[in-house]
Amino acid sequence: MGGHSLKKLNIILALLLIFTVFLSACNAGNQTTGETDDSNIVTLKFMGWEASPLETKAVKVGLEKFMKENPDIKVEYTPVPQTQYSSKLLTMLAGDAAPDVFFLGAEDYRTFQKKNVLLDLTAYFENEYSIDDFIPSSANIMQIDGKIFGVSSCTVSPVLFYNKDLFDKAGVPYPPSNPEKAWTWEQFVEAAKQLTKKDGDKVTQYGVFGLENNYMTTAEYFSNGGSPYNNDFTKSTFNTPEVKEVLQAVLDLRVKEGVAPEASVLEKIGMRPTQMLQTGKVAMLVDGSWALQELASMNFPVGAAPLPKFKESVTHGQAHVHAASAKTKHPEEAWKLISFLSSEEYQTQLVKEGLWMPNRQSLYTDEGIKKWYNEDVHPEGFKEMATFFRDAKPNPNAFLSNNKVSSIITEELDKFYYDGVSIDRVAERIDKRSNVELQNQRD
Amino acid sequence: MTNVQMLNCKIKGIKKFEIALGPFPRAFQIRGGEMKSQKLLSEAAPLVKKSEPETRKKFLKNLFYKEYTWAIVLLLPNLIGFLLFTLWPVLASFLLSFTEWDLLQPMKFVGIQNYINLFQDEIFIKVFGNTLYFTIVSVPIGIVISLLLAVALNQGLRGIKFYRAAYFLPVISSMVAVAVIWQWIYNPEYGVLNYFLSVFGIEGPSWLTSTKWAMPAVIVTSIWKNVGFNMLIFLAGLQAIPESYYEAADIDGATWLKKFRHITIPLLSPTTFFVSVMSVIGSFQVFDSVFLMTQGGPARSTSVMVHYIYENAFQFFKMGYASAMSYVLFFIIAIITLIQFWRQKKSQIY
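So the sequences go chain by chain: Z and U.
First residue of the first sequence? That's 6 in our numbering, and the numbers climb one at a time after it.
First residue of the second sequence? That's 165 in our numbering, and the numbers climb one at a time after it.
Same shape as in the complex, but just chain Z:
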């Protein structure tokens, strides 16, 4: 009967459609670590974050070089947005779909190592490198109980950038590049006041921006002789006069002296801090040294100087490490890639662009500086500033293996910066809450 066969046809078509849906779902599975195909080429999966498009470009250029030197290794690089990087890496590791080699932020390094997901690189490392060649901040961060699970890529530190044009217009002398002659905090505030311009009631140009950020102020805690944590990172020490003095001084920049804008005001209209400096909305910017890559390409005379000091001119340094998954199928090749990424030649290429600073002692000698100094990027006097980076203290956040602490600090400092809660109360609460978490982290 015609009715029946037509119905049967429809039914078969319906079932076919249902099955194709299932098949397409099955085929979408990810490959895990790299495969070795017939021609014996090992494919490594490499994941990193993209702090800026320039960074990704630089990484890709470096990888091309590596692949030329190692024709039997192919590297697939996947940049991922930085904000979701740790969660993405975590879920990939949990799902056995982790990349072979990946960036790992200094604050996540110890956390992830505790979970035994990083390949032990100590043997490989000691074969090719010496830990003493690395500057102290990098060496301290890289070593976990004497072992190496990731090789520090570079170093970055918060510095003071400034717009030379605005300084010239206001007749203010540039901040010194030599850390030994760095501005004191008072000199800094004085300059900021002279660089703040008003048009009637509205401020058209602010003196400085960027200090209301714990990453930046941590350098100033050290400068004031204090520290946010005790020596073995088991206790939070925000509630100490040195730290509190710094935070109060930073708040006063905005609230008392009126030389700093509220953080969100300009950011929320999509203007990045570097653009604020470029367009003259602020005369000085406190930001990580990585911003130099972008600032140098922005066609305005930018200068860089050590941060203003309270007592001592010092900053902190840290950088992401290059690590390998403990479950990688190609540990030898993964080490080759990490070794290349840690090599002087790869590093100097990115230092030349202003994105990184070297983490080798040898690159801070006069000879060494010549290898990476780039007139087009590094502002005048940058060579004098080099020791500021070399002698940096390691960033304390790299030694915590607990992410909740930074969330607590941000929450409480928000209350201080935006809600008018007193610094004593805020520091007390930070310590109380952080200590609970730090206790738990040792379990």
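None of these hints come from the bench; they were simulated from the model.
Hints are not guaranteed to be accurate.
[What the hints assert, rightly or not] Straight line, CA to CA, 20 Å or less: simulated EDC-like cross-link-like pairs of lysine to aspartate or glutamate:
id, chain 1, residue 1, chain 2, residue 2
1, Z, Lys-202, U, Glu-353
2, U, Lys-272, Z, Asp-173
3, Z, Lys-93, U, Asp-452
4, Z, Lys-198, Z, Asp-173
5, Z, Lys-120, U, Glu-264
6, Z, Lys-420, U, Glu-286
7, Z, Lys-119, U, Glu-264
8, Z, Lys-207, U, Glu-367
9, Z, Lys-120, U, Asp-266
[Unchecked claim] Covered stretches of chain U, going by a simulated chain Z footprint (3 or more residues, C-beta under 8 Å):
id, segment
10, 262 to 271
11, 372 to 384
12, 479 to 493
Yeah, the Cβ is synthetic: ideal placement off N, Cα and C, and Gly gets one too.
With chain Z's structure known, arrange chain U on it following the hints.
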């Protein structure tokens, strides 16, 4: 006609009837009137011979035509998806809530420790408070606005289709785009809102960085985005009210307000009930508006429960704790929904 002839007609009639309606009547016959059909079939038995190997084939063929077979087959893709991706994770989450797990290391069984910690966690209490604040403010205001909009659109004005689409547009817009635009509007120096306020001489605060104003700002955005959805549901409910009631009220000389209070609202009560239950559930689960606009807000003033669950799971790597929290959220929503159902039963209009 002889008896046999009548019998034959009857049988032919049944057969004709069955052929005309296709295979389905058999299914109906199974439920009711089975004895009758059996009797008729047995009378017609000499015409049809059943043999053993054909019984199975016939069974399958019968199954092929049964309604419930088709129901199950067509539901199967959705059902499998539901079982695998919704039901199983929900059950697994319940089991997870009694463990401590960071996705990479083996699970550690801790019993109800997570739940105990939860109620002593000051951040949890804060985010629960924020979620309650969000719900208590956004649900009633949202319902009132969408009801009024629906009543306005029901007047049969010209261009009603355009307005319906215009009000529904925010609902289907991407939350990311909405968040970006509203961030611009709320900007204290360059934003439209503060400019508008300055015309009246009011100096607007920095909306999204003020611990006092961030939550109201996010609530306004959220209401703006979702009012179109409830408005459409109310419109459907309004159109189900017979015109005759209004005409009768007109004859009795009722004002618009009286008509609204005594006809519209009572007859809309099933719709209102549905909208309020869904809105409460939705607002307890709010996440995207908060996360995208303020990322938890200055000093956690806009951090809501789902945001804290997300943080615990993916930033602090505490899966067990996050699962416990999501079950507490589930129970809270369930209890509130049950209360709403119970109240609705009690105040049945009709």
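Going down the list of hints, with the structure as the test:
As the CA atoms of Lys-202/Z and Glu-353/U are separated by approximately 16 Å, the hinted pair is consistent with the 20 Å bound. Between the alpha carbons of Lys-272/U and Asp-173/Z the distance comes to roughly 63 Å, so the proposed pair goes past 20 Å and is violated. Between Lys-93/Z and Asp-452/U the alpha-carbon distance is near 18 Å, which keeps this suggested pair within the 20 Å criterion. Restraint check for Lys-198/Z and Asp-173/Z: the C-alpha separation of about 15 Å stays at or below 20 Å, so the hint holds.
This hinted pair checks out: Lys-120/Z and Glu-264/U have alpha carbons roughly 13 Å apart, not beyond 20 Å. Distance restraint check for Lys-420/Z and Glu-286/U: the Cα-Cα separation of roughly 16 Å lies within the 20 Å cut-off, and the hinted pair is therefore satisfied. For a cut-off of 20 Å, the pair hint linking Lys-119/Z to Glu-264/U stands: about 15 Å separates their Cα positions. This hinted pair checks out: Lys-207/Z and Glu-367/U have alpha carbons roughly 13 Å apart, not beyond 20 Å.
Using a Cα cut-off of 20 Å, the hinted pair Lys-120/Z and Asp-266/U holds, with the two alpha carbons roughly 8 Å apart. Three residues within the 8 Å Cβ limit are the bar, and the segment 262 to 271 of chain U against chain Z gives 4, so the coverage statement holds. Beta-carbon proximity to chain Z at under 8 Å applies to 4 residues in the segment 372 to 384 of chain U; the threshold of 3 is reached and the given coverage holds. Against chain Z, the segment 479 to 493 of chain U contributes 3 residues with a C-beta closer than 8 Å to a partner C-beta. That satisfies the three-residue criterion, and the hint holds.
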